[in-house]
Amino acid sequence: MSNGKRLFSIRGCPVVEAVGELALGEGEAVFLVGPNGSGKTSLLRFIAFGDAPYPINQCSLSIDGNLLINPGGLGLFRRHIQYIPSERMVFPDLTVEENIKLGIMIGGIPRNERDKILGEIYGLFPIFASRRRQLAGTLSGGEQKMLSIARALAARARILLVDEPSAGLAPKAIDTIYSIFRDLRAKGVSLLVAEQSLWPIIRNIDSVDTIYVIHNMRIVNRQSPGDIMGSDIARKYFGLRR
Amino acid sequence: MAWRIIMRIGWRSNALLEMLRVSWPGLVAISILLSLGLIMPAGIMATIRNSLSYINLAIPWAIFYSLGYPSFATAAFYGIGAYVLTYTLLSGLSPLVGVIASVLASFAIALALGAITLRLAGLFFFFATLAILEAIGQLLRYTEITLTGHIGKIVPIIVSDQLSLSILAALAVVNIAIYSYIMSTRHRIYIHTIRSDKVLATSVGVNPYRYSSILFGVTSAMQAASGSISAMYLLYIDPGSVFSPTISLLTLIIGLLGGYANILGPIVSSIAIVFLYEYTSRIAPYVNLVILGAIVMAFTLYLRTSLSDIIERLWPSRRSIIHYGRESR
Numbered sequence: 000m001s002n003g004k005r006l007f008s009i010r011g012c013p014v015v016e017a018v019g020e021l022a023l024g025e026g027e028a029v030f031l032v033g034p035n036g037s038g039k040t041s042l043l044r045f046i047a048f049g050d051a052p053y054p055i056n057q058c059s060l061s062i063d064g065n066l067l068i069n070p071g072g073l074g075l076f077r078r079h080i081q082y083i084p085s086e087r088m089v090f091p092d093l094t095v096e097e098n099i100k101l102g103i104m105i106g107g108i109p110r111n112e113r114d115k116i117l118g119e120i121y122g123l124f125p126i127f128a129s130r131r132r133q134l135a136g137t138l139s140g141g142e143q144k145m146l147s148i149a150r151a152l153a154a155r156a157r158i159l160l161v162d163e164p165s166a167g168l169a170p171k172a173i174d175t176i177y178s179i180f181r182d183l184r185a186k187g188v189s190l191l192v193a194e195q196s197l198w199p200i201i202r203n204i205d206s207v208d209t210i211y212v213i214h215n216m217r218i219v220n221r222q223s224p225g226d227i228m229g230s231d232i233a234r235k236y237f238g239l240r241r
Numbered sequence: 000m001a002w003r004i005i006m007r008i009g010w011r012s013n014a015l016l017e018m019l020r021v022s023w024p025g026l027v028a029i030s031i032l033l034s035l036g037l038i039m040p041a042g043i044m045a046t047i048r049n050s051l052s053y054i055n056l057a058i059p060w061a062i063f064y065s066l067g068y069p070s071f072a073t074a075a076f077y078g079i080g081a082y083v084l085t086y087t088l089l090s091g092l093s094p095l096v097g098v099i100a101s102v103l104a105s106f107a108i109a110l111a112l113g114a115i116t117l118r119l120a121g122l123f124f125f126f127a128t129l130a131i132l133e134a135i136g137q138l139l140r141y142t143e144i145t146l147t148g149h150i151g152k153i154v155p156i157i158v159s160d161q162l163s164l165s166i167l168a169a170l171a172v173v174n175i176a177i178y179s180y181i182m183s184t185r186h187r188i189y190i191h192t193i194r195s196d197k198v199l200a201t202s203v204g205v206n207p208y209r210y211s212s213i214l215f216g217v218t219s220a221m222q223a224a225s226g227s228i229s230a231m232y233l234l235y236i237d238p239g240s241v242f243s244p245t246i247s248l249l250t251l252i253i254g255l256l257g258g259y260a261n262i263l264g265p266i267v268s269s270i271a272i273v274f275l276y277e278y279t280s281r282i283a284p285y286v287n288l289v290i291l292g293a294i295v296m297a298f299t300l301y302l303r304t305s306l307s308d309i310i311e312r313l314w315p316s317r318r319s320i321i322h323y324g325r326e327s328r
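These protein sequence lines map, in sequence, to chains A and B. Numbering follows numbering that gives the first Met the number 0, in which position 160 of the first sequence is assigned residue number 159; successive positions increment by one, without gaps. Numbering follows numbering that gives the first Met the number 0, in which position 152 of the second sequence is assigned residue number 151; successive positions increment by one, without gaps.
Don't read these hints as lab results, they were simulated from the structure. Fair warning: there could be bad hints in the mix.
In silico lysine to any residue, SDA-like type, Cα no more than 20 angstroms apart, as pairs [said to hold, decoys possible]:
#1 B:K197 with A:K235
#2 B:K197 with A:P91
#3 B:K197 with A:H214
#4 B:K197 with A:S41
#5 B:K197 with A:R202
#6 B:K197 with A:K115
#7 A:K115 with B:D308
#8 B:K197 with A:D92
#9 B:K197 with A:T40
#10 A:K235 with A:D205
#11 B:K197 with A:G49
#12 B:K197 with A:R44
#13 B:K197 with A:G136
Covered stretches of chain A, going by a simulated chain B footprint (3 or more residues, C-beta under 8 angstroms) [what the hints assert, rightly or not]:
#14 32-39
#15 91-104
For each residue, glycine too, the CB sits at the ideal point set by N, CA and C.
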């Protein structure tokens, strides 16, 4: 869970004007919620790759106390941030283990630590230990999502940008993903998660620290998960009644 | 120093063992080809030498094609290699300097051209490289006429048939080593990610554009080395002969038929196509390309696979991507 240490923030641009900044602490799970086309993916991709439309493209990022004007120049911080897209998450023709090893290679993990990390990943995702030689494309949607998270963790990512983890999944699979989020937070991994619906968040309210509501490329509100249910925001943007 | 490098890439990760596993069929094939070339009569020896020359073009072509880019610029780099060597020799420098200069020049030119063309999708990249080949050939033709008043250069070096054959075989060994290094290490996975899904590869942290550019540079340099060594026995070069689209076309046919999943693919394909091309040139000089075209069409329509894939299916090399896939099913 969050230990209060600030790891990441975005400020100084129209997208966060209404709330001042979007901040993420170590081990914290921040959710970005908004309807289709509201700019969730654009914001995540801006953080990960530095490409996004106005009014997102002028933000300055701060990672670990270092101010980065241009996120395209994430440089050394790039490996700490891993983006997990909402679809096409894994390489279907590579095996489960090759997908995980790809994360290890990208993360620049020293040779003598690689087996240890692989063991840690299999400890966290025991389902993959017995299926390491299975093609990733033959996994179910939920398992592919878990594998993409495993790959990001293998790169020793400290911040995961997860785009719509609940999209296309059955409720039970969504709960499994959210329980993994809880485990990751306990390990000090920070999460910035985009969701289109409030429903998976409400089902797993203890996995959430802060919710930002985004609409028309601008964050319009910041809420704690306990308050959002009865708020005007929930009614206005998501049609939830008091 | 060399031993330390081998140790570093080798023992700890068994990469060296994997490289040997991937490369040994190719090394055996080159040894057989060289031995035959040295004992056969001059006519067959010339065809074997031509085969080796195309092996040295087809292996880099196949490596780059594994990213999903079919290049038609082979003759451009072959020609650059031949011309740089010739001009280096005319300047009084040694052939070794000429080969190194051609490799470096091609690497730099390929990086520049890659910056323009590698953002294009596969088929559009193919047409762009076709245009590049024509543009470089025409530019050289114009420059030669303007500066010297004539087209073509005599290559001021004479090497024996046996020596040229041996040098080409040595270059083939280097090319096989580069192929097996790429296909036995993390680069194999990176290539697979780029070919499979560029967007996801970017998300994961592989930079497809930068990686493709570097690989284009490396494979073009390998092709330039083949051009510069071939110039040593060609005796005379001009843009029409070394920048010939036929060189690119034959390499393309060899590469498509041979594939990239197994080193024997481009090697066996080169030998078969060169022998067939030279034989049909003799018996039916005006229809030989038609015959080759018919073979490619038959392969594409009925077998729908490459020689590499067939070899992999019958005789899998342990770590190729295709074998991993099938093994896991």
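Structure-based check of all given hints:
no.: 1; hint: B:K197 with A:K235; verdict: 38 angstroms, violated
no.: 2; hint: B:K197 with A:P91; verdict: 13 angstroms, holds
no.: 3; hint: B:K197 with A:H214; verdict: 29 angstroms, violated
no.: 4; hint: B:K197 with A:S41; verdict: 18 angstroms, holds
no.: 5; hint: B:K197 with A:R202; verdict: 35 angstroms, violated
no.: 6; hint: B:K197 with A:K115; verdict: 29 angstroms, violated
no.: 7; hint: A:K115 with B:D308; verdict: 35 angstroms, violated
no.: 8; hint: B:K197 with A:D92; verdict: 14 angstroms, holds
no.: 9; hint: B:K197 with A:T40; verdict: 18 angstroms, holds
no.: 10; hint: A:K235 with A:D205; verdict: 24 angstroms, violated
no.: 11; hint: B:K197 with A:G49; verdict: 17 angstroms, holds
no.: 12; hint: B:K197 with A:R44; verdict: 15 angstroms, holds
no.: 13; hint: B:K197 with A:G136; verdict: 17 angstroms, holds
no.: 14; hint: 32-39; verdict: violated (count 0)
no.: 15; hint: 91-104; verdict: holds (count 9)
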